[in-house]
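For reference, the chains in residue letters:
Number of protein chains: 2
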Amino acid sequence: MSINPPISDNQTVILGKETPLKLDCGVTLEAINMAYCTYGTLNADKSNAILICHALTGDQFAASRQPVTGKNGWWEIMIGPGKVLDTDKYFIVCSNVLGGCMGTTGPSDIDPKTGKPYGLKFPIITIGDMVRAQAMLQDYLEIESWFSVIGGSMGGMQTLQWASAYPERVFSAIPIACAARHSAQNIAFHEVGRQAVMADPNWLGGDYYASDKKPTAGLAVARMAAHVTYLSEAALHRKFGRNLQDRDNLTYGFDADFQVESYLRYQGINFVDRFDANSYLYITRAMDYFDLVEDHGGALAKAFEGAKTRFCVVSFTSDWLFPTSENKDIVQALIAAAANVSFVEVETDKGHDAFLLDTPEMFKTINGFLQSSAKSRGLLS
Amino acid sequence: MSINPPISDNQTVILGKETPLKLDCGVTLEAINMAYCTYGTLNADKSNAILICHALTGDQFAASRQPVTGKNGWWEIMIGPGKVLDTDKYFIVCSNVLGGCMGTTGPSDIDPKTGKPYGLKFPIITIGDMVRAQAMLQDYLEIESWFSVIGGSMGGMQTLQWASAYPERVFSAIPIACAARHSAQNIAFHEVGRQAVMADPNWLGGDYYASDKKPTAGLAVARMAAHVTYLSEAALHRKFGRNLQDRDNLTYGFDADFQVESYLRYQGINFVDRFDANSYLYITRAMDYFDLVEDHGGALAKAFEGAKTRFCVVSFTSDWLFPTSENKDIVQALIAAAANVSFVEVETDKGHDAFLLDTPEMFKTINGFLQSSAKSRGLLS
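As you go down the protein sequences, you meet chains X and C in turn. The first sequence maps to residues 1 to 381 in UniProt numbering. The second sequence maps to residues 1 to 381 in UniProt numbering.
None of these hints come from the bench; they were simulated from the model. There's no promise every hint is true.
Pairs of lysine-lysine, DSS-like flavour, derived with a Cα cap of 27 Å [to be verified]:
#1 C:K121 to C:K22
#2 X:K308 to X:K46
#3 C:K239 to X:K328
#4 X:K239 to C:K328
#5 X:K214 to C:K22
#6 X:K121 to X:K17
#7 C:K364 to C:K71
#8 X:K214 to C:K213
Residues from chain X that keep clear of chain C, each with C-beta distances beyond 10 Å, as calculated [stated by the list, open to error]:
#9 G16
#10 E18
#11 P117
#12 Y166
#13 S183
#14 Y209
#15 Q245
#16 T324
#17 V331
#18 Q332
#19 L379
Using N, Cα and C, we set each Cβ at its ideal position, and we do this for glycine too.
Work out the full structure, taking the sequences as your base and the hints as a guide.
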């Protein structure tokens, strides 16, 4: 084993001071904070950099201690010496998305116009805006082209957006468990979550920052509803089934009788400490708005026309939030665009969350793809 | 066409004054109100009565005007002269479930011990208790055996419970889109709904009846979350897709941009006027507790041993809440119990709600089953 390569602690850089970020909604953000972590070492010709795009409730702490929870990074299973995203070989960058709440500019930050937190005065942002901001970070790091851009779920949407908007800046792209446009069912689930937040009287129309209370109850409900969609029916059945908290007895009450109930409550309660309710609204909205098909006049293939980027699309058999059929739509468009694409549907009963879990077939697939891409880029002899 | 047979308006009877209802939780309810509607005419030997069991948010107004909403009954598509549940031939009974809020005793009723509404002092009820209460209504109506018991979703659970607990009182049974036990995923979705209600500060621990506010915001969120599960992804896609309210423009805000959002909000807002939040808690709990397998030592077939009841089990291809696999478990148990059972998986993209909608293959299946059952019972020459 190698000695662990350097991990940079959380860094924040101010971007866009000279060329401000123009958003899809028409608003311009004069300057933004961009918070990110890096793992591994950038090589001399800056050709070994991988950008990790995080999911809805993720953050830049992909492989380092999350400062609020004190827990391990959310993708440590993928990142490290000898792992799939091998920090002995690659320089890994993971930034908090625009609209987020872990250091990159979002609705909880101070609006320079008022001196108060933005709240709902923060402009609506899109996946395109998130990627534009990441491109400003790429410029700042003086990396001409990412060796790879990778992400699951909303991270996969960003990966697709990267390949579509900046093909010359992406050598390879690995969108996992995502879609080229958010489905009606997924918009519906997001809307339930937003309404749960907005129904909480402590939300105060988004201006809860100066209050001593936060819309934690509403946000916890939103998280619980979303969390059910991240797991498969089979995974819930295997993990919990109808197992009771008290092995023998129903309580004939509304306490958490079933293990699945206490698990969900735990997911809800723990989430609210580390996540801003308004960020949840903005980021879910960005996902809802994502529609690479509509952006290209109804023909997804046009999103990738002339692409030289190599693609590896990964889906999971038990993912009902971003089912294989939606991932296949991406693959078919890439084929129609004559792109270099491989596609693997990984057999797993873990549901959408499989991209975060110990999923050996996914590791093997991405590892193989990165190896061949590295050879092709001259990173490996 | 025949002249419309008599429709009895909503009636309420007090049951259990002499033999009180003993609940599964151990509590005894001294006397209960039972509200019901009837359609058609009971024949001389009382052999043509059909009991309809309603679903979670249904009521006794299966084929008559709902007094709160002023809308048509929820199953008018099935009930009437010449329809599948033919009021020229059958005497149809539909009662509000125990724990409900449309006249049958539930948490919004006065607790005789305190003179105030029960709220959370109402005992936890089960599907078994609902059916026990319906059996008391059957006694009151002096109907020895139902020609048929039919229901979808929670109505299907009651149908199964009837056939298991009172086989000699059920000539035929038609459980639609249900399961012999509530799955972990379904318990999880119910728990999200309950937490949404309980998170509403107007819920007041269930004691909101004397207050001028009700937990409508929380209940609306619960309804929205549940409603997504009643539809299939395909139905949502077909009905709404990513269609915008304003045909041309995203608003870049949190108003209902997408038609699916405004549809869901409408479902939530309209629900709270006609439904009691505590009833929602109690009835979802009853569904979660339903487990005919566990009740019979892990062998579902034992639930139906020696059954003379004829069964027709119906499932829908696109129902992911009560998928065909769970309906097949019922069928297999019935076969193992040597019961007379037919099973049809109806091809439809309408999801769980298909049992409430214009689903011709379901009509045809149930119609055929009722015809042959009617012959077998000597109702038809």
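Hints, verified against the model:
The hinted pair formed by K121 (chain C) and K22 (chain C) meets the criterion: a straight-line CA distance of about 16 Å does not exceed 27 Å. For a cut-off of 27 Å, the pair hint linking K308 (chain X) to K46 (chain X) stands: about 19 Å separates their Cα positions. For the suggested pair K239 (chain C) and K328 (chain X), the alpha carbons sit about 22 Å apart, so the restraint of at most 27 Å is met. With a C-alpha separation of about 22 Å, the suggested pairing of K239 (chain X) with K328 (chain C) holds against the 27 Å cut-off.
Among the hinted pairs, K214 (chain X) with K22 (chain C) is inconsistent with the structure: their alpha-carbon atoms are about 44 Å apart, more than 27 Å. A C-alpha spacing of about 21 Å is found between K121 (chain X) and K17 (chain X), which places the hinted pair at or below 27 Å, so the restraint holds. Annotation: proposed proximity of K364 (chain C) to K71 (chain C) holds, straight-line Cα distance about 26 Å (limit 27 Å). Our distance criterion of 27 Å between C-alpha atoms is met by K214 (chain X) and K213 (chain C), whose separation comes to about 22 Å.
Every CB of chain C is more than 10 Å from the CB of G16 (chain X) (nearest about 19 Å), matching its label as outside the interface. The Cβ of E18 (chain X) lies farther than 10 Å from every Cβ of chain C, with a closest approach of about 25 Å, so its non-interface assignment holds. Even its closest Cβ contact with chain C, about 17 Å, leaves P117 (chain X) beyond 10 Å, as expected for a residue assigned away from the interface. For Y166 (chain X), the condition that its CB be more than 10 Å from all CB atoms of chain C holds, with the nearest at approximately 23 Å.
Not every CB of chain C lies more than 10 Å from the CB of S183 (chain X), the least distance being 7 Å, so the non-interface label is violated. Here Y209 (chain X) stays apart from chain C, with its beta-carbon at least about 17 Å from theirs, past the 10 Å limit. The non-interface label for Q245 (chain X) is consistent with chain C: the shortest C-beta to C-beta separation is roughly 12 Å, beyond 10 Å. Non-interface call for T324 (chain X) relative to chain C: holds, since the shortest CB-CB distance, roughly 13 Å, exceeds 10 Å.
The claim that V331 (chain X) is not at the interface with chain C holds, since no C-beta of that chain comes within 10 Å of its own (minimum 19 Å). Non-interface call for Q332 (chain X) relative to chain C: holds, since the shortest CB-CB distance, roughly 17 Å, exceeds 10 Å. Taking the minimum C-beta to C-beta distance to chain C, about 40 Å, the non-interface status of L379 (chain X) holds against the 10 Å cut.
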